[in-house]
Amino acid sequence: DTEVTQTPKHLVMGMTNKKSLKCEQHMGHRAMYWYKQKAKKPPELMFVYSYEKLSINESVPSRFSPECPNSSLLNLHLHALQPEDSALYLCASSQTGGAYEQYFGPGTRLTVT
Amino acid sequence: GESVGLHLPTLSVQEGDNSIINCAYSNSASDYFIWYKQESGKGPQFIIDIRSNMDKRQGQRVTVLLNKTVKHLSLQIAATQPGDSAVYFCAEANNNAGNMLTFGGGTRLMVKP
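Protein sequence lines correspond, in order, to chains A and B. The opening position of the first sequence corresponds to residue 1 in my numbering, with each subsequent residue numbered one higher. The opening position of the second sequence corresponds to residue 114 in my numbering, with each subsequent residue numbered one higher.
Think of the hints as simulated: they come from the structure by calculation, not from any bench. Hints are not guaranteed to be accurate.
With a Cα cut of at most 25 angstroms, we get these calculated SDA-like pairs of lysine to any residue [as the list claims (entries may be wrong)]:
id: 1; chain 1: A; residue 1: K40; chain 2: B; residue 2: S187
id: 2; chain 1: B; residue 1: K225; chain 2: B; residue 2: L121
id: 3; chain 1: A; residue 1: K41; chain 2: B; residue 2: S125
id: 4; chain 1: B; residue 1: K155; chain 2: A; residue 2: E84
id: 5; chain 1: B; residue 1: K181; chain 2: A; residue 2: G98
id: 6; chain 1: A; residue 1: K9; chain 2: A; residue 2: Q82
id: 7; chain 1: A; residue 1: K41; chain 2: B; residue 2: L124
id: 8; chain 1: A; residue 1: K38; chain 2: B; residue 2: G154
id: 9; chain 1: A; residue 1: K41; chain 2: B; residue 2: N140
Whole structure, please, built from the sequences with the hints as guidance.
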């Protein structure tokens, strides 16, 4: 099973809402990632978790709050977002201990109104 | 929203022809390289990877070539099919720097029937 699942597939939220994006993998990977992707651009790394600990935060605004409840799950909590935060949010996972292929989920298409 | 006037480089090929997608990388310390295919509305899908101790690696209908002297990576797709139409991203990483992938800008492949 090389599948990373993400929910919801689409999300529309207002600037005062609080919502969460969810990601799950069952490949035994101990590294998980959140990326943001704008149209016609490559994915931009936001956060990296390694062994359920946040190891990289690429200067992401605090209105994005990641959480890794266990080795299979990754959440991204959203609060007080701006319209420019509208994008495709991708979750990925990989083995740890070096550079390995990352497996991506299908993404959550987020629209902030 | 989308950036007006921003265009991805596009390669247009006839069905059945071979395709070559190129990528230049800048970090001479990078020693792991990977190609992803991203179809519209989906997450990036792993195609093939290569480590710097190799200069060529073949998969099913795909070949990756690495020229470390000029920091150039290419993806060759044999007998291109309509299902190959997508955006292709290269990415690089440094095995000693852990899990972080740095993505290139992407190339759109369009296959004409």
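For each hint, the structure was consulted:
{"no.": "1", "hint": "K40(A) <-> S187(B)", "verdict": "holds (20 angstroms)"}
{"no.": "2", "hint": "K225(B) <-> L121(B)", "verdict": "holds (18 angstroms)"}
{"no.": "3", "hint": "K41(A) <-> S125(B)", "verdict": "holds (19 angstroms)"}
{"no.": "4", "hint": "K155(B) <-> E84(A)", "verdict": "holds (21 angstroms)"}
{"no.": "5", "hint": "K181(B) <-> G98(A)", "verdict": "holds (20 angstroms)"}
{"no.": "6", "hint": "K9(A) <-> Q82(A)", "verdict": "holds (19 angstroms)"}
{"no.": "7", "hint": "K41(A) <-> L124(B)", "verdict": "holds (16 angstroms)"}
{"no.": "8", "hint": "K38(A) <-> G154(B)", "verdict": "holds (12 angstroms)"}
{"no.": "9", "hint": "K41(A) <-> N140(B)", "verdict": "holds (20 angstroms)"}
In terms of the numbered hints stated before, the structure departs from none.
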